[in-house]
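My request is simple: use the sequences and hints to build the entire structure.
Each protein sequence line maps, in turn, to chains A and B.
Per our numbering, the very first residue in the first sequence carries number 984; after that it's consecutive.
Per our numbering, the very first residue in the second sequence carries number 611; after that it's consecutive.
Check the hints yourself; a few may be wrong.
To be verified - Dumping the calculated EDC-like pairs for lysine to aspartate or glutamate here, alpha-carbon to alpha-carbon at most 16 Å: (1) A:LYS1207 <-> B:GLU1027; (2) A:LYS1009 <-> B:ASP873; (3) A:LYS1173 <-> B:GLU714.
These are calculated hints, taken from the structure and not from any lab test.
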Amino acid sequence: MTTRILRTLLLVAAIASPALAQQPLKVVGTIPDFVDLARQVGGEHIEATSIAVGYQDPHYVDPKPSFVVKLNQADVLIQVGLDLEVGWLPPLLNQSRNARVQRGGAGWIDASEGIELLQRPTRPLSRAEGDIHVFGNPHYWLDPVNGKIIAAHIARVFSELRPEWAQVFAENLSLFESELDTALERWLAKTAPYRGRRVIAYHNAWPYFERRFGIEIAGFIEPKPGIPPTPRDLVRVISLMRQAQIGTLIHTVYHNDNPSRFVAEKANAEVITLATSVHGAEDVDDYFELFDYNLDLLLASFQRARSGSD
Amino acid sequence: MKTDVLCGVDEGADAVMSTATSRSSRCFATAVVVGLVLCSPLLAQVETDPTRELLLELRRELREIREQVDDRLEDIESRLAQLETSPEPLDEPDENDAPLDLEELLEEATATLSPTAPAEQNATPPPAAASTLNPRISVIGDFLGAASWNTPKPFAPPPLDVREVEIAFQSVIDPFARADFYVSVPSLEDVGLEEGFITFLTLPADLLVRLGKVRVPFGRENVDHRPETFTVDRPDVIRAYFGDEGLSEAGVTLARLIPNPWDTFMELELDVLQGANQESFGGGSVEDLLYNLRFRSYYDLNPRNNLDIGVSYANGVNDVVRENRFRSQLFGMDATYQWRPLRRGAYRSFVWQTELMRSRRDTLDGSVDTWGFYSFARYQLTRRWYVGARVDRSQEPAYADSERRSLSSFVEFFPSEFQRFRLQYRYSDLREGPSSHQLFLQWYYLIGTHGAHRF
Chain A
984 MTTRILRTLL LVAAIASPAL AQQPLKVVGT IPDFVDLARQ VGGEHIEATS IAVGYQDPHY
1044 VDPKPSFVVK LNQADVLIQV GLDLEVGWLP PLLNQSRNAR VQRGGAGWID ASEGIELLQR
1104 PTRPLSRAEG DIHVFGNPHY WLDPVNGKII AAHIARVFSE LRPEWAQVFA ENLSLFESEL
1164 DTALERWLAK TAPYRGRRVI AYHNAWPYFE RRFGIEIAGF IEPKPGIPPT PRDLVRVISL
1224 MRQAQIGTLI HTVYHNDNPS RFVAEKANAE VITLATSVHG AEDVDDYFEL FDYNLDLLLA
1284 SFQRARSGSD
Chain B
611 MKTDVLCGVD EGADAVMSTA TSRSSRCFAT AVVVGLVLCS PLLAQVETDP TRELLLELRR
671 ELREIREQVD DRLEDIESRL AQLETSPEPL DEPDENDAPL DLEELLEEAT ATLSPTAPAE
731 QNATPPPAAA STLNPRISVI GDFLGAASWN TPKPFAPPPL DVREVEIAFQ SVIDPFARAD
791 FYVSVPSLED VGLEEGFITF LTLPADLLVR LGKVRVPFGR ENVDHRPETF TVDRPDVIRA
851 YFGDEGLSEA GVTLARLIPN PWDTFMELEL DVLQGANQES FGGGSVEDLL YNLRFRSYYD
911 LNPRNNLDIG VSYANGVNDV VRENRFRSQL FGMDATYQWR PLRRGAYRSF VWQTELMRSR
971 RDTLDGSVDT WGFYSFARYQ LTRRWYVGAR VDRSQEPAYA DSERRSLSSF VEFFPSEFQR
1031 FRLQYRYSDL REGPSSHQLF LQWYYLIGTH GAHRF
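Structure, rendered in structure tokens:
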């Protein structure tokens, strides 16, 4: 009797499981870059949405109840980690009522795992140093090599959740990696003549980008991360730019650009607003275009600076 | 073979010697055997030429690699020294003379992907790692300076007051629950628990259950802690119906998301609480419970604008006279509209919030119906400056003839997100009494890691 019941249950499970498993994975990324990487890996087998939009400051996102609904239904949550989302993700997760995406759940992805982090403090910190990140600089997706690490992490979790599509995910990942390798070669070739070129940035969002493409950020307009500049800070940056003949100022799309424009005007430099995320500017629709867009702007500025000085 | 011979000797001796001698000789024999067994691989190594050769070859290779590494290190050090001495490195790069080899850069890029990278990264834990399992601890200070003219005693705060110190402990308990405790010290007296509850995070049926002392979600404003309210003082209607501290009770809260075809946030909450609030629900005995029911829905009008609407109903005992249980019923409606541009969200925002409350209070002389409302708006001028205003109208829950109207306006300055100054002016008048004016200067500050606030 028991055997018969068990057999029936197994049969029902066998019939039902493919139907259940064929549901696409619902993926929520805290930033659109992760949504694009998830799409590169998951293809048609996932439905992905982002919480922050590309031109929004990911430090400050309103924890709107509509995001609670998204997280409630999600199979996978991909987050930046390193306390970047600490101001808004915890209350959303607390209300999500979804064990899959809680810390340690099957669908929880902290994309910073496995990344070689930069600017990890080696001494005790205090808030007197501004809005600092005690675990290291969180803008690591701005290095395409880290994009590969994140994509591999995503593919691993997707395959664990949907083993029947593991082969597809692996093929997609492999394709993405080879495309990124080709693109990386192109980007490095483009930037090679300008390695060591110095620029100024508004916010400290670029250490990974800086390291990969060999530019050197000589200073920031923000005196400390997250602290708006005072006139004295602007004077400090202007004199630095004049002294070191720095002609390019990198601005971030979500910060007020008045200080950057003022400094650039006084220092005879130009402001370029780079995208910090996918969809951070028009024509930046995927992870590849993010680097194409930023590097094109940057190199055009370097070329203009050179022709101006000639 | 050697072992066999030794054993044979041992067996022969055993036949003629005493028991003690035989034990010692057995020990000796065993030691010899063990020694030989241990030494045999070494002996074998010395004897086996091919293995030895392999070992020597490996050593040679290792030495070569070490030499190469030393050479490269020297090279890197000399390059570094050159870089340090040159005043303006690479200020004018030449496109025809690429400073670095592309192949090298690509190699560097792939090296980052080597499996050792994460392990190396974990070798030195970040400074905060040691304390990550401790609760997040924070302290909020709320200092208030007040000047009042023609203000009745209960409504006039002291001229200088550390109005509240709030100490928060927040942590995940295990994969299934978290705990939040907020200890408050109002006016540096009477330590109390403002809130202290456990939240079960992973219950089935989209349920969220809290146990403990909670700020009761009757409307929007009541759930905020006093140092974090939008204005210096709580709206008059909240103070009239629940007192200065608002409604905060011990009990259990159950909140469920309501599934709907539009995937809109809709939540229904039922709270069963121990009613001890002096203003509306404090007159009952221990077994008299307070029930609160709330429905909340939220709509994104577009990514920048949203609307939050809620209705609430609370029912509890306000007094017991000669076996008669007099109940109070409270009805509430609230609406909040918020605007924040996504691109420059840190610099501009607007919020408008309105709540309407109605109270039906049973008394010996029949039921008393009163009502009150407030409407509040705040606009963010720059990253650090905000201005706002609030209009109030309220009645005391037991006196239908009472009426208070007031108008407040304020300006706020945030040096950083961890401290805030607020200057607020308030004009109010009672139906029968003089008009009063008040001026407040509030300083709020936060240290530690305070959990983010609900939206």
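Quiz item: Quick check: which numbered hints come out false for this structure?
Solution: Going through the list in order, the structure violates no hint and respects every one.
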